[in-house]
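K.L.:
Chains as they are written, first to last, in our numbering: chain A, 41 to 183; chain B, -16 to 165.
Worth flagging that the hints you see were computed from the coordinates, not collected in a lab.
Using N, Cα and C, we set each Cβ at its ideal position, and we do this for glycine too.
Keep in mind that the hints are not guaranteed to be accurate.
For the chain A half of the interface with chain B, some residues (derived, Cβ under 8 Å), not all of them [stated by the list, open to error]:
hint, residue
1, Leu97
2, Trp172
3, Val178
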Amino acid sequence: MVDTVKSLLTYIYSLLTADATLITAMGGTVRLYATWAVTDTTFPYIVHRFSFRQNVLYPERVGTYYIDLWSDSTNAEEVLSIRKRVVELLDQLNFNTTEVKNVRLNLDTDGFVPENDPEIWHYAMQFDIDIWRQSELVSIINR
Amino acid sequence: MATTHGITSNTYQRVLMGPGAVYIGTAGTKVLGATRGGNVLEINRTFMDIRPDGSKGKVKGFRYLESAEYKLTVRLMEVTEQNLTYALAGSTLASHVISLGEIDDDVYIDKITIAAEVKGVTAATEASAVKCELTNCLVEGPVTINFPENGSTEVELTFYAHFDSTALTTEPCSLTFTPVSA
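If we strip away everything but chain B, and leave its shape as in the complex, we get:
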């Protein structure tokens, strides 16, 4: 008897491959640049764990969203002045000079999108692409640029999505699967 496993004849159509491409801006068509070392999307949602007297563990109906954090870490090979401007939140670029500044509302990046491909899809009902959009993004964390003795370098940018202050219940993140038939 064969070993028990989850592999089916459709498995090959459901394999996400590659680092994906990262796009910046509302239109979702401007590529941020080539990456090396892959990209990482993290969605970390925590829930209150209310335990009334008598409960012996987590209780259905007593869980509420407590906090949510969405971040996309990108290791950019293309170290351009524009990409460093994104990396240094609040900075502005003029005449090839990056000046650092405060975080105004217009500093937030409207949308960061990562799109990846699902290979091998033939059935119209299966998704051939997966897209995640983060809105109102800022890059946080240290900007570290290594200048190696030999070889090239990458700059790691971690984009954090932000809730809109006028829509606090709308999470600034969406995941979209696109079927072949779409």
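Here chain A stands alone, though its shape is the one from the complex:
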């Protein structure tokens, strides 16, 4: 058993980094980082993270899955190709992991974010996420 958030990050990491179409869109490697990219990382890359809050029942959590796409391509084509595949893979996705059940992703907002460096394309996406934190629930009801 691993932490709930680690379980979610791992699932999505495995999904995105193994996808052949996304690999092609990103020039051969899906560089996907949690919260922060490593310094001077190679473009293009993706950063993702979660935030959660309480729902009606305590095992249910709702929140936001943030995914930011970064590209230094000469035009927006690359980052939009990445966006296209991310939407195809994640929007309306339902999945379970050992630790988390009934995970549902729903694309909420997305759009370009102007950066100080005009040669950088930054595309930010936010998905609504609902989860049932199963392994934490089992620990809570058995303690």
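Using the hints provided, position chain B relative to the given structure of chain A.
P.N.:
Chain B only, in chain A's frame:
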């Protein structure tokens, strides 16, 4: 001590999610269309409440089915000529024109099915789908089509199931849970 509640480690496998899909026809494979605002299934069965002298309340063995009504309310986004033909019971569709008419036996819709999914099911014994079938259906109630200044519209259809006159004790409604193992 934790608060008393009904949550168990299996709860997540028993949560019905989403509006479900509505199918029309005997085969149960033709989707009626996309909906918005959810669908509502209502089964309202009432029982006679016979109270012999001396009883102080409802008495076991003295309850009999008095009436039963089954209805499914669907808010259809897909406002097609065919769906409006269903909405206007007794109407017929020819050359894109809907003509209103009387309620003949062949107007009744053989079967309306709503199927919904139970998410997260992993145990073979647990149900991963729930299906409700209503038979001999008619749409009743006003057909109201709003034409908003901005945005799209939905049409609300309420399908009522009907007993078959040749089988008055068979209720025109069934609920089926499908286990993963099925």
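K.L.:
Would you list, in rising numerical order, the hints stated earlier that this structure does not obey?
P.N.:
Failing hints: none at all.
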